[in-house]
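Please build the complex by placing chain D on the supplied structure of chain V, with the hints as guidance.
Below are the chains, spelled out letter by letter.
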Amino acid sequence: MALAAALAGCGDRPPAVPTLNWYVFAEPSGAYAEAARRCSEGSGGDYRVVMQPLPADADRQREQLVRRLAAGDDAIDIIGMDVIWTPEFAAAGWLLPWPEDLARRAREGRIGATVDSARWDGRLWGAPFTTNIQLLWYRSDRVQDPPATWEAMIDEAERIGEKGRIQVQGARYEGLTVLFVSLLASAGGAVLTDDGQAPALPDGPTRRALAVMRRLARSPATGPGLATAREDQTRLAFQAGGSSFMVNYTYVWPSARADAPELARHMAWARWPAVEPERPSRVAIGGINLGVGAFSRHPDLALRAAACIAGADNQRIAAERGGLPPTTAALYDEPAVRATFPFADLLRATLRDAVQRPRTPLYNDVSLAISRTLHPMSAIEPERDLARLRDAVGRALRSQGLM
Amino acid sequence: MIDRRDPAEERLGWLLCLPSVMAMLLVTGYPILYAVWLSLFRYDLRFPDQRAFVGLANYASVLTSELWWESLFNTLIITLGSVALELVLGMLLALVMHRVLFLRRTVRASVLVPYAIITVVAALAWKFAFDPVTGFVDPWFGVERAWLAERWSAFLVIILTEVWKTTPFMALLLLAGLTLVPQDLLDAARVDGANAVQRFFRVTLPLMKNAVLVALLFRTLDAFRLFDTVFVQTRGAQGTETVSIVGYHTLVTRLNLGLGAAVSVLIFACVVAIAVLFVRGFGASFTTEEHR
Chain V
1 MALAAALAGC GDRPPAVPTL NWYVFAEPSG AYAEAARRCS EGSGGDYRVV MQPLPADADR
61 QREQLVRRLA AGDDAIDIIG MDVIWTPEFA AAGWLLPWPE DLARRAREGR IGATVDSARW
121 DGRLWGAPFT TNIQLLWYRS DRVQDPPATW EAMIDEAERI GEKGRIQVQG ARYEGLTVLF
181 VSLLASAGGA VLTDDGQAPA LPDGPTRRAL AVMRRLARSP ATGPGLATAR EDQTRLAFQA
241 GGSSFMVNYT YVWPSARADA PELARHMAWA RWPAVEPERP SRVAIGGINL GVGAFSRHPD
301 LALRAAACIA GADNQRIAAE RGGLPPTTAA LYDEPAVRAT FPFADLLRAT LRDAVQRPRT
361 PLYNDVSLAI SRTLHPMSAI EPERDLARLR DAVGRALRSQ GLM
Chain D
1 MIDRRDPAEE RLGWLLCLPS VMAMLLVTGY PILYAVWLSL FRYDLRFPDQ RAFVGLANYA
61 SVLTSELWWE SLFNTLIITL GSVALELVLG MLLALVMHRV LFLRRTVRAS VLVPYAIITV
121 VAALAWKFAF DPVTGFVDPW FGVERAWLAE RWSAFLVIIL TEVWKTTPFM ALLLLAGLTL
181 VPQDLLDAAR VDGANAVQRF FRVTLPLMKN AVLVALLFRT LDAFRLFDTV FVQTRGAQGT
241 ETVSIVGYHT LVTRLNLGLG AAVSVLIFAC VVAIAVLFVR GFGASFTTEE HR
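Chains V and D, in that order, are what the protein sequence lines are. If you use this note's numbering, the first sequence corresponds to residues 1 to 403, in order. If you use this note's numbering, the second sequence corresponds to residues 1 to 292, in order.
Extracted from the complex, chain V is given alone in its bound form (with noise of 0.2 Å):
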């Protein structure tokens, strides 16, 4: 039967089902590939979704993407965009814009932020397909109550001694641009003014991020290994015992409850730090939008298979499956997305108050900007550094400088 399906196949006809190339990163539990096989079997024979992997590094992912689409690759139909691409690619003309229509589905019934992240230029240009955003793990057996501020939890740390360890992103990448674009978020500051064509960084608050993140550098409750600290050496080193504080993606909890269930029972979890008491904090948003590549030789098959890969049941499974948090409201109130995610209705709150990355088609230069002037933390010159990232920022826009 295969084999007569095959020579069909080959005949003198073209073959019947458009294949359609999803560029993602390799997701590990296989949630993406069965959303893949699910919308290909529901199209009725209309298209194929093949997946493409990408590295698992997003810097190595949009190298690989930018360099084949700004060749004008036609191979690439439908692509996992991480949020913080959309700007970058919608100016470059290398997405085409959702339709009306299919862009009112996409929006539907879904976290404001991160519908805000597939958007650029009044247009939307990807549907979002899973979230991601940070929270703060503790030790409940060491600590009483999770303190609401980074002061508070610096003077926790301090107060509990040795395995009072703060765990945090520092290394020089794109976490470190996290790190603070969310304390400044959190202190009321942003990177960029509202039309996004010069450096805001307001004296107050960027001033504030940078103090913190000076004294947590120079707290003993972080070691030297801060200043090459990613997501994974922290998610290592808070489940090895010796910490009692970290800030990390939910992806954390899964694996400590696979590799070190005893720790799971005392690992709890809490907003991410205020930077002022009485402001709640704002958090960088992360995730999976789904674009359609503008050479696709299919776009409008590459539009339908993305809003229903992108779909609500496909973020179940990739909930459950993969434990990757979805982009649809809702889903947060299901019994089966709640015993994945516990803490669901923090990680619900947490990412309505969520704040954009830098929106500019330059955010990669403005990215490296940051984490550049602000690597090692412990070097931090609060008023000196106000400066500098003012003058780094303004030269990433005008596209300056090396990096």
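Hint data in this document are derived by calculation from the structure and do not stem from the laboratory.
List of simulated lysine to any residue pairs, SDA-like, C-alpha gap at most 25 Å:
| hint | chain 1 | residue 1 | chain 2 | residue 2 |
| --- | --- | --- | --- | --- |
| 1 | D | K127 | V | R372 |
| 2 | D | K209 | D | A189 |
| 3 | D | K127 | V | P55 |
| 4 | D | K127 | V | G225 |
| 5 | D | K209 | D | T179 |
| 6 | D | K127 | V | Q233 |
| 7 | V | K163 | D | A149 |
| 8 | V | K163 | V | S219 |
| 9 | V | K163 | D | R145 |
| 10 | D | K127 | V | L236 |
| 11 | D | K127 | D | I117 |
| 12 | D | K127 | V | A240 |
| 13 | D | K127 | V | P224 |
| 14 | D | K127 | D | L221 |
| 15 | V | K163 | V | R218 |
| 16 | D | K127 | V | D232 |
| 17 | D | K127 | V | A56 |
| 18 | D | K127 | V | D59 |
| 19 | V | K163 | V | A258 |
| 20 | V | K163 | D | E144 |
| 21 | D | K127 | V | A237 |
| 22 | V | K163 | D | V133 |
| 23 | D | K127 | V | T228 |
| 24 | D | K127 | D | I77 |
| 25 | D | K127 | D | S110 |
| 26 | D | K127 | V | A58 |
| 27 | D | K209 | D | D192 |
| 28 | D | K127 | V | R60 |
| 29 | D | K127 | V | L54 |
| 30 | V | K163 | V | M267 |
| 31 | V | K163 | V | A211 |
| 32 | D | K209 | D | L80 |
Pairwise CB distance ranges (calculated):
| hint | chain 1 | residue 1 | chain 2 | residue 2 | range |
| --- | --- | --- | --- | --- | --- |
| 33 | D | V121 | V | A260 | 31 to 39 Å |
| 34 | D | V121 | V | G225 | 27 to 35 Å |
| 35 | V | D333 | D | W140 | 51 to 59 Å |
| 36 | D | V113 | V | R159 | 51 to 59 Å |
| 37 | V | H266 | D | F268 | 55 to 63 Å |
| 38 | V | A56 | D | F268 | 28 to 36 Å |
Please read these numbers as outputs of a predicted model, since none were measured by experiment. Positions of the beta carbon are idealized from the N, C-alpha and C atoms, including for glycine.
For chain D alone, kept in the frame of chain V given last:
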């Protein structure tokens, strides 16, 4: 050597090498000129509409960047460190290969093994060796240290990788130089009462000066363009970026063709400067006849 050639023969010579000259111009001349041309434009693949002629502005932008000077400094550290070590070790290896009486072919072949290994593989092997979790270096020295997480220790690992990998090449070039030293001169020096050290520094070394300079030139040019080892081991973090890594990031990550081309042209200019320094400054020569 033939000093004067028959003009017809000379013409034939040029004709015979014309195809390869054309091929070289096509594959090297064209990209170089195109890079120079691109470096005069503001040209970012993300903003193709904003392409504009900007003259030397890209060069000004690169040369006023802290990062360019930092990476140039890094490149020079790695180049000087690795080439100096390679020269000493390569000379020792060359002497061993020259003098060895038994298993000569085995010795010469085994010395070449590191050079035959792909750079990326070698870089990964050294990275794993110095890894605090999987590596064997830390237990050997009884330390606990993330070598590649700090600037100077990362330089050390990078330099050692380079030295391990290319010393055989250096040794081979030096061995060729050693074979040029006539044995009767050494014997005469010995009769005159020169000891081994004196014979090496007064007779052998001056006679193989050209071989040494050519070996140094090749390796310096190579080391200056270092990319793969650094890319694999640190990706340029911890302040270990070389100029080639900076060029790669500008071109491939930022898609800024104008600025990236300016970096490439500047690297090219540095390489030319090194070559000129060796040929003019130290009198390196690719023929041995002139000094006879």
